[in-house]
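Please work from the sequences and hints to get the whole structure.
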Amino acid sequence: MIRHVEQDDLDAVVQVNRQSSEWVGDRDRAFFERYLNLPCFYAIEEHDAVRAFVLAMHHDIEHESDNFRWYRERFASFCYVDRIVIDKDHRRQGRGRRLYDHLIEHKGPVPLVCEVSVDPANTESIHFHDALGFKEVGVFASGGKTCRMYLLPAAEGS
Numbered sequence: 001m002i003r004h005v006e007q008d009d010l011d012a013v014v015q016v017n018r019q020s021s022e023w024v025g026d027r028d029r030a031f032f033e034r035y036l037n038l039p040c041f042y043a044i045e046e047h048d049a050v051r052a053f054v055l056a057m058h059h060d061i062e063h064e065s066d067n068f069r070w071y072r073e074r075f076a077s078f079c080y081v082d083r084i085v086i087d088k089d090h091r092r093q094g095r096g097r098r099l100y101d102h103l104i105e106h107k108g109p110v111p112l113v114c115e116v117s118v119d120p121a122n123t124e125s126i127h128f129h130d131a132l133g134f135k136e137v138g139v140f141a142s143g144g145k146t147c148r149m150y151l152l153p154a155a156e157g158s
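Taking the numbering used here, I'd label the letters of the sequence shown as residues 1 to 158.
Simulated from the structure, these hints should not be mistaken for laboratory data.
Do not rely on the hints blindly, as some may be mistaken.
Label-pair ranges, simulated between beta-carbon atoms [said to hold, decoys possible]:
# : residue 1 : residue 2 : range
1 : Glu33     : Lys135    : 27 to 37 Å
2 : Arg92     : Met1      : 11 to 21 Å
3 : Met1      : Phe140    : 18 to 28 Å
Note that the Cβ used here is the ideal one computed from N, Cα and C, for glycine as well.
This is the structure:
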């Protein structure tokens, strides 16, 4: 079941996020609490446990990410995927695609954007986003990583 993340989910969200901290950064509970009321913060719950989540935000929110600011400098409006994370024991079973489908349906009429590390290469995520139809709109280096900046074209993303 896909639903909005709730206060009681935050410990599980932190735990799932830590499994991918190499790629998405390690964040504490306070980080996720800051964004709890955003409309595009969804979890997949199965058997009373959070198995995956996506945190996305629109262009007009305050967010400290250099990657977010990169998009803000180039696009008038967008929905930015800050992170999409699947529990390590539940990957490659369609949960990421389900979260993206849900996000696309509910984000409103703005482009969907995200970034994926290419140096070091997050090969699995690159292949996943390419298969979903994301297109490269730039490259940006920050924090010791070089990222491919992606946009989901309107035909797929609206």
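Requested in this report: Could you check the hint for me, namely that Arg92 and Met1 are 11 to 21 Å apart, CB to CB?
Outcome: Holds: the Cβ-Cβ distance is about 20 Å, inside 11 to 21 Å.
Query raised in the report: Taking the beta carbons of Glu33 and Lys135, is their distance inside 27 to 37 Å?
Result: holds, 33 Å
Query raised in the report: So the hint says 18 to 28 Å: do the beta-carbon atoms of Met1 and Phe140 match that?
Result: Because 35 Å falls outside the window, the suggested range is violated.
When each numbered hint is compared with the structure, a violation occurs for hint 3 only.
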